[in-house]
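> Here are the chains, one letter per residue:
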Amino acid sequence: METQLATRVPAVRTYRSHRARLISMLGPLTSLGGVVWAFAQPYRLTLLHPHHQGFWWLVIEPQLLVVVAGAVFSLLVARPLLVDLEEADGTA
Amino acid sequence: MEPHSEMVHWLFAGGFLLLGLILLSEAIVGEKVWAMRRWRVYLWPSIVFGLGLLMWPVMTFFTNSAIHMVAHGAWAQALMIGGAAELGLVHGKLHDPRWRLALPIGIFVSGIAFLVHEQNPWFFARSAFLHHLIGWTLVGSSGILFARAFRPRSAAFQSAFAFAVVAVAVMLFCDRDLAPIFGHLSPLAGVPHR
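Protein chains in written order, with numbering that gives the first Met the number 0: chain G, 0 to 91; chain B, 0 to 193.
Treat the hints as calculated values from the structure; they're not laboratory data.
Coverage of chain B stretches by chain G, computed from C-beta distances (three or more under 8 Å per stretch; other residues unrestricted):
| no. | stretch |
| --- | --- |
| 1 | 6-18 |
| 2 | 24-37 |
Lysine to any residue pairs mimicking SDA-like chemistry, simulated, CA-CA at most 20 Å apart:
| no. | chain 1 | residue 1 | chain 2 | residue 2 |
| --- | --- | --- | --- | --- |
| 3 | B | K31 | G | L21 |
| 4 | B | K92 | B | W38 |
| 5 | B | K31 | G | L75 |
Only a predicted model underlies this, so the values are computations on that prediction, with no experimental measurement involved. Idealized CB from N, CA, C, for every residue including glycine.
With the hints as constraints, model all of the structure from the sequences given.
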């Protein structure tokens, strides 16, 4: 099959400096911590067994809070910070 | 309709975890790179101020006793003053470097608030243990911040404080309303519910 549409495969971003690598790993490692905790104590994740659970038990899930904290940090803080760090390292 | 006390601790744990990650990243990249975007320098002082602000509903809705109300109220004020002083310093409204002492004092008051409003001994239950541990961790952290007030560019003090904040977040996530600690649970505490 031939197509004129070409999809660009995004390249995996690699960072040269160890500072950039550390920053890029902080968020994913934090979120991974939440996932590992969810596997270790699945009974604490009430979304997995939502029946007869009250409102707050369904809204506040500690493992998900850890995952969200890591994701928020990655998207809102780490991403622009890495751009600035690369720029600063490039000019240095 | 109020959430359990442990859930409030988890919510604050989420905020403390984000705060710790931000402080750690600032320590890793250094002050110069961190300040390349202006909004970033306001980030963690705003979170400290916001955490202080959120202590007011905790004081209002979780008033188990007078000592709880006083501790939560003092804590709210101390965090807000500490966050506001840092905001004033980074914005250039405050020039006197002694304002840097507001945050260590705020964290010290927070630690004392934790210790004072926990009336039970360490091994009464997990929440009692964690309140003592968090209280002393915050008191110790205030020492780190006090040293940082005199050497504000020290990556070592900044990193040490960031790790302390992450440790407090982990402790807050471990909090349960009624659970044993290292096999200890006072019969006066009640029956663990979950």
